[in-house]
Amino acid sequence: MIDVNAYLGHFAFRQLRHNTAAGLLRLMDSRRIERAVVSSASAITYRNAQSGNEEVAAEVKAQSDRLLAFAVISPFYAGWQDDLKACHEEFGMKGLRLYPRWHNYRLSDPACLELVNAAAERKMVVSIPIRVEDRRQRSWLVDVPDVELEEIAGLVKACPRAQFILVNGTGFVGSALGRKQSGLPANYFIEISRLAAVLANEIGQLVTNLGAERVVFGTGMPFNYPDPAVLKLEVLEASEDVKDAIRRRNAAKLLGLSPR
Amino acid sequence: MLDRGPIHRRTFLEAFGLAAAGLARSPAAPAGSMVIDCHAHLTHRSRASWQEDDRKLIEAADKLGIDQLCCSLLTPRRPATAEGFRECNQWVAEAMRRFPGRVLGYCYVNPGYGREALAEIRRCVEERGFAGVKLYNEYRITEPVVWPIIELTIELRVPILHHAGHAHSFVEGQPHISDGGHLSEVARRYPEAMLICGHVCGGGDWEWTIKALRNAPTVCLDTSGSVIDEGVIEMAARVLGADRLVFGCDMSMTAGVGKLRAASLSAADKQKILGGNMQRLLARRGTK
Numbered sequence: 001m002i003d004v005n006a007y008l009g010h011f012a013f014r015q016l017r018h019n020t021a022a023g024l025l026r027l028m029d030s031r032r033i034e035r036a037v038v039s040s041a042s043a044i045t046y047r048n049a050q051s052g053n054e055e056v057a058a059e060v061k062a063q064s065d066r067l068l069a070f071a072v073i074s075p076f077y078a079g080w081q082d083d084l085k086a087c088h089e090e091f092g093m094k095g096l097r098l099y100p101r102w103h104n105y106r107l108s109d110p111a112c113l114e115l116v117n118a119a120a121e122r123k124m125v126v127s128i129p130i131r132v133e134d135r136r137q138r139s140w141l142v143d144v145p146d147v148e149l150e151e152i153a154g155l156v157k158a159c160p161r162a163q164f165i166l167v168n169g170t171g172f173v174g175s176a177l178g179r180k181q182s183g184l185p186a187n188y189f190i191e192i193s194r195l196a197a198v199l200a201n202e203i204g205q206l207v208t209n210l211g212a213e214r215v216v217f218g219t220g221m222p223f224n225y226p227d228p229a230v231l232k233l234e235v236l237e238a239s240e241d242v243k244d245a246i247r248r249r250n251a252a253k254l255l256g257l258s259p260r
Numbered sequence: 261m262l263d264r265g266p267i268h269r270r271t272f273l274e275a276f277g278l279a280a281a282g283l284a285r286s287p288a289a290p291a292g293s294m295v296i297d298c299h300a301h302l303t304h305r306s307r308a309s310w311q312e313d314d315r316k317l318i319e320a321a322d323k324l325g326i327d328q329l330c331c332s333l334l335t336p337r338r339p340a341t342a343e344g345f346r347e348c349n350q351w352v353a354e355a356m357r358r359f360p361g362r363v364l365g366y367c368y369v370n371p372g373y374g375r376e377a378l379a380e381i382r383r384c385v386e387e388r389g390f391a392g393v394k395l396y397n398e399y400r401i402t403e404p405v406v407w408p409i410i411e412l413t414i415e416l417r418v419p420i421l422h423h424a425g426h427a428h429s430f431v432e433g434q435p436h437i438s439d440g441g442h443l444s445e446v447a448r449r450y451p452e453a454m455l456i457c458g459h460v461c462g463g464g465d466w467e468w469t470i471k472a473l474r475n476a477p478t479v480c481l482d483t484s485g486s487v488i489d490e491g492v493i494e495m496a497a498r499v500l501g502a503d504r505l506v507f508g509c510d511m512s513m514t515a516g517v518g519k520l521r522a523a524s525l526s527a528a529d530k531q532k533i534l535g536g537n538m539q540r541l542l543a544r545r546g547t548k
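Protein chains in written order, with the working numbering: chain A, 1 to 260; chain B, 261 to 548.
Do not rely on the hints blindly, as some may be mistaken.
[To be verified] Okay, the calculated bits of chain B under chain A, using three or more residues with CB under 8 Å as the criterion: (1) 294 to 308; (2) 334 to 348; (3) 393 to 402; (4) 415 to 424; (5) 441 to 455.
[Claimed, not checked] In silico DSBU-like pairs for lysine-lysine, Cα to Cα no more than 35 Å straight-line: (6) B/K316 <-> A/K180; (7) A/K61 <-> A/K180; (8) A/K85 <-> A/K180; (9) B/K316 <-> A/K243; (10) A/K253 <-> A/K157.
Honestly, the hints are just simulated from the structure, not real lab data.
Idealized CB from N, CA, C, for every residue including glycine.
Input sequences plus hints: build the corresponding full structure.
Have a look at this one:
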């Protein structure tokens, strides 16, 4: 399995376990997850996110075959162009994660479009976490809403050459992002950690409406337990071929990974 | 080829490490290995798809190895009227007959209806075989209007599953929501009551809730909710003890099962949480 939604480091409002490279790898091994895309949890609240990127780069250095580092970059922080270059060229990062609500900007802002297009030039994948944690449990210090799906739809349309992974989201079935005939480019993938596999069965609906090739496995660990996502694919009513595509094939293709 | 097979009971229990403990049995297993979802809901009949929705709930339980679902049905608009909660409870009673042995009923009432609420609880428990009472957020559990209901559940020896949550900001639309602190306070007043604090994983700051319940040994905590934060089950077991945790999904089915499967607990503790503790609560109904 390839997990497109994992993290290293500390989060400002809750203690995380398994948040070092060694700890995360042990957790991955216990769940037979071969590879994971990781970014800095600390960088979500660091003002200078590049410090978090440097921490992650150092952490994964010896494990870069299994832990695929993504950068966290705000297009409104001084020197983001230098940071993007360093993350790509020095650290070998394959993508970046955007936190428009935490970093206080809109995906439609020209600076954001410039960053996404610069990432696309470098063939870096852009991951957008719709949320970091459930808003009901937020700290008294912050009130960070989820990223709206309509806003993301606008971005994927505005940057057709970029490749996106949308993580920690739900409600796609009711949005333009969940339909093949919505006029949006086929440049985004939807991760399953918050999608239902029974009852409303949003995963099954996305497989039908958008295509199995657009759905990818992710857990949100170590914020989340990995097992719910693993279990979803166990109970999903779909062929083994579809499940295999979701578990690893789609992500491997997107991230340019060779089969193991 | 479609892989449509449900998770077989053995597979399910193996995933929890229970098979090794000798607990992997058929659904007809003796008491002790039941998997009971303490927090489920049936669909209100104002929704055209209610029959299919209820059927899907049973199918999901089949897939996930859940033997029984403790269900309530709430009025779409709240606070509920007496007519509204009686209608809901009638539909729960019908579901108990439609899915015998799978659906256990909670009687939902609005405590503000006083004698009508009490009469409805007595009727549902004594005549219809309901397993417990569901209270929502019409009143805080600490308000005196709720106390006669608590006293009646003590008399009838049935649990109360209480909607609960603690946020660090005003919860829109729920000015009277109870939290773990309120349940603890009431437990001191009524130590004989069987109180279940609802959905720790859908009720805001779960670390706060667990700590608020530490010194209320008679209150159980329901693990349900969509939140799957790593470590929540282990902290709850460490602070409260596995004997005080009851497994639930609150319709977030794979989240509910997945976090129990993931938790670093002994097979014996998981078995208690998955069904043993709830069975113990439900068994009190038959004892004097």
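Going down the list of hints, with the structure as the test:
no. : hint              : result
1   : 294 to 308        : violated (count 0)
2   : 334 to 348        : violated (count 0)
3   : 393 to 402        : violated (count 0)
4   : 415 to 424        : violated (count 0)
5   : 441 to 455        : violated (count 0)
6   : B/K316 <-> A/K180 : 26 Å, holds
7   : A/K61 <-> A/K180  : 39 Å, violated
8   : A/K85 <-> A/K180  : 34 Å, holds
9   : B/K316 <-> A/K243 : 21 Å, holds
10  : A/K253 <-> A/K157 : 21 Å, holds
Violated hints, in rising order: 1, 2, 3, 4, 5 and 7; the structure is consistent with all others.
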